[in-house]
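For chain W, the structure is supplied; the task is to place chain E on it using the hints.
The listed protein sequences derive, respectively, from chains W and E. When we follow the working numbering, the leftmost residue of the first sequence carries the number 27, and every step to the right adds one. When we follow the working numbering, the leftmost residue of the second sequence carries the number 1433, and every step to the right adds one.
Any given hint could be a false lead.
Covered stretches of chain E (chain W as the covering partner; in silico rule of three or more C-beta atoms under 8 Å from a C-beta of chain W) [said to hold, decoys possible]:
id, stretch
1, 1484 to 1493
2, 1505 to 1519
3, 1537 to 1546
4, 1584 to 1595
5, 1675 to 1683
Source of the hints: derived by calculation from the structure; they are not laboratory data. Positions of the beta carbon are idealized from the N, C-alpha and C atoms, including for glycine.
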Amino acid sequence: MPSRETMQASFAAAIWAPERDVPAGISPQRNFAVYRNNVYAGLIKSLQARFPVVQRLVGDEFFARCAGIFVERQPPLSPVMMEYGADFPGFLAAFEPIRHLPYLAPVAELEWQYHVAQHGPDAQPLDTAALATLPLAEMDRLTFSLHPTCHILASPYPILSIWRTNTFDTVTQEIAAGSPGETVMLVRPHNVVLLLPLTDGIDVFVTHLQQGTALAEAAALAQAASTRFDLAGALALLFRVQALSGFHAINAQNGNSDVS
Amino acid sequence: MTALRPLGADGRNPIPASAGVGLRPQHYADILGAPSPLGWFEVHPENYLCAGGPQHDALAQIRAQYPLSFHGVGLSLGSEARPDALHLARLRVLIDRYQPALFSEHLAWSSHGGKFLNDLLPLPYTQQTLDRFVSHVDETQEALGRQILIENPSLYVQFSASDMTEPEFLNTLAQRTGCGLLLDINNAYVTSINFARDPIAYLAAFPWQHVREIHLAGHATESDALGRPLLIDAHDGPVCDAVWALYRRMVRQMGAVPTLIEWDQEMPVWDALLGEALSADRILQQERDRAVA
Chain W
27 MPSRETMQAS FAAAIWAPER DVPAGISPQR NFAVYRNNVY AGLIKSLQAR FPVVQRLVGD
87 EFFARCAGIF VERQPPLSPV MMEYGADFPG FLAAFEPIRH LPYLAPVAEL EWQYHVAQHG
147 PDAQPLDTAA LATLPLAEMD RLTFSLHPTC HILASPYPIL SIWRTNTFDT VTQEIAAGSP
207 GETVMLVRPH NVVLLLPLTD GIDVFVTHLQ QGTALAEAAA LAQAASTRFD LAGALALLFR
267 VQALSGFHAI NAQNGNSDVS
Chain E
1433 MTALRPLGAD GRNPIPASAG VGLRPQHYAD ILGAPSPLGW FEVHPENYLC AGGPQHDALA
1493 QIRAQYPLSF HGVGLSLGSE ARPDALHLAR LRVLIDRYQP ALFSEHLAWS SHGGKFLNDL
1553 LPLPYTQQTL DRFVSHVDET QEALGRQILI ENPSLYVQFS ASDMTEPEFL NTLAQRTGCG
1613 LLLDINNAYV TSINFARDPI AYLAAFPWQH VREIHLAGHA TESDALGRPL LIDAHDGPVC
1673 DAVWALYRRM VRQMGAVPTL IEWDQEMPVW DALLGEALSA DRILQQERDR AVA
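The shape of chain E in the complex, shown without the other chains:
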């Protein structure tokens, strides 16, 4: 395996340990129209795999002013099949063009038999699935020429075949591949509540030494056929109080980490999204001050 280029090692705009938001076309004009207090933006690279047009125009202008993170949704690293070589090659071209400081993907699969399901589907956590995921991450880091981060998913079902926990799986993955982790605290919360577990215990077991980015998002609260709470990772509203509390706890433990607000359904006006990001910045600052005091 070749040596991986560490985060931001191109010396250009590494992601600051402050809040960013997921970039959506609805907000291009707001972001480009006035200086923003935000430190960075994140995009789904799949939304920019086109030849030209207004999206590239806006992204190039934003990239000239802010560091970017790419958050892939198409590699399907948890698939039984190897990552799609064409997709990797297209991502590499986009990475070379925009030089994002981070590239992340998911502990999930989304393609099978040549068909793309456009959702983050779950996998059992076993030695076999771990070995396969490791080789897919190795192959991806090789093809993209850099370290990637892997995100913990929101889960609605679990597998009887699983014989290790998700934090154990991610820890070994990071150790074996040199990848970093993206800790999605909303996902940790959603999964824990859906399986009637304690989110604090999940986070206590999470291999935080490998975490290079945090995601925060809103979720929808439904109930299942038996009337039990069922949380859906909907990204359709503000971050809930319980997730903010878990976030503060993790920042206190880990120190400041680049933190992204994901809100991509029922899109808010720009000021509302900015407000969420500034809440994360406030917590980062309070915990910095507390650590110094």
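One chain only, chain W, in its complex shape:
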């Protein structure tokens, strides 16, 4: 054992780098493998729990090898294991052996965002009664707060279709190569994460609302993105899934604002 290295430094190094010698001063030396196995198996297991669809897509054995390499390269930096795995989609995107499966990393990102929404902040839904009392003239200038778990993920791949069939179907449905990409909204109004495909400009609309764009302007931008955009339908959807948690009205006369 190098004399400058502490016991824990050499112990930890030998766990992360399997080619390193077992640290001196412990016995039996052969049992060191138990710790190495525990560390890797535990971290791989946490990634399996976080990315079950990716695991189903590539198979258990390949996933474990992939996850093992990720663990070695990017071990957790926090003792809060539910925060581990944010970098796994990015790792998959750059992982040479799966270059021919370009949809894997986007699906992994969807799984990660599902996990984030699951544990994100709680919030009350928007007070529709208070909204109904506003004069119609003020509607155009309304801005909204979205539920803090609301997240929009756009992909050139059909990530939601892939996620759904691999999450719910015993026999997965085939998704043709070249199927159009999907934009997904995730939101957890209560205890269950909802995943919704956003089409026909609704994605543009919600993205602008989230950035604080006023209602009329967000609608106009969505209209410009898709002639099929339907404002009433879009708002009905957002109310139904309780993706809105508050509104901010600007009084047209005196500029006073009112928040609910």
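The following block gives chain E in isolation, referenced to the frame of chain W:
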């Protein structure tokens, strides 16, 4: 050092000297769906260090009905480095929110050089490691504003540098810091068998006066490269007969102590887990009756 708040001194739901189980999301519905005969539940606080969501919803409902114990797995008190101040602060917020009656951690380390290894790794038992562990426990009790308990680990290797036994180390630790101890009888058994020692001798030397909680769990039986028995602390099955016998022996010696069943791999159905806990309750009751008779 400031005076430590003793166990359950907030007057709210101290842990009863009866059986509890480790709380897992798979069992939320069973626990909330019908009154349970169990007296308390234990959680890993690290699993609740998030802003919101169904886990907090369930834990708040369970906390409204039962006392809780927090069993930390992230503080790495045996590390060469001091406990992570951010992690301590986050735990403090969670403690203030749920007011657990007990908080325990491990005689082990799990972080090094900023990387978290997610396992309970062993340390040599020397004056130097003891002094360091003492200061980490002091710092933790100060930051959390309460007494903590320290648990004996399952070991697979031992250090040539060690010059005191684990019970000696824990005894001095408890005396110097005022911390309590969590006696894991399965760990005591696993460690003893792995080093071809007598678990009864280990338990006889254990400073039981400081024990505030007992853990029981199942282990996996493997064999090492030389064909010798190697027990792994897997928490993946029922408590074995030998550990039940040691438990009864300790209860007879110490009196009733809050006792937790840990079963967090290969999760059983709720009734099987409940059955294990009721077995512990039965032993506690039998030994109470025996003491009175």
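The hints, checked one at a time:
1. Here's how the stretch 1484 to 1493 of chain E fares: 6 of its residues keep a CB closer than 8 Å to some CB of chain W, so the rule of at least three is met and the hint holds.
2. Counting residues of the stretch 1505 to 1519 of chain E whose beta carbon lies closer than 8 Å to any beta carbon of chain W gives 8, which meets the minimum of three for the stated coverage.
3. Under the rule that three or more residues need a Cβ within less than 8 Å of chain W, the assignment of the stretch 1537 to 1546 of chain E holds, with 6 such residues.
4. Interface restraint, the stretch 1584 to 1595 of chain E with chain W: holds (6 residues with C-beta to C-beta distance below 8 Å; minimum three).
5. Proximity of the stretch 1675 to 1683 of chain E to chain W, defined as three or more residues with a beta carbon under 8 Å from a beta carbon of that chain, is not established by the 0 residues found.
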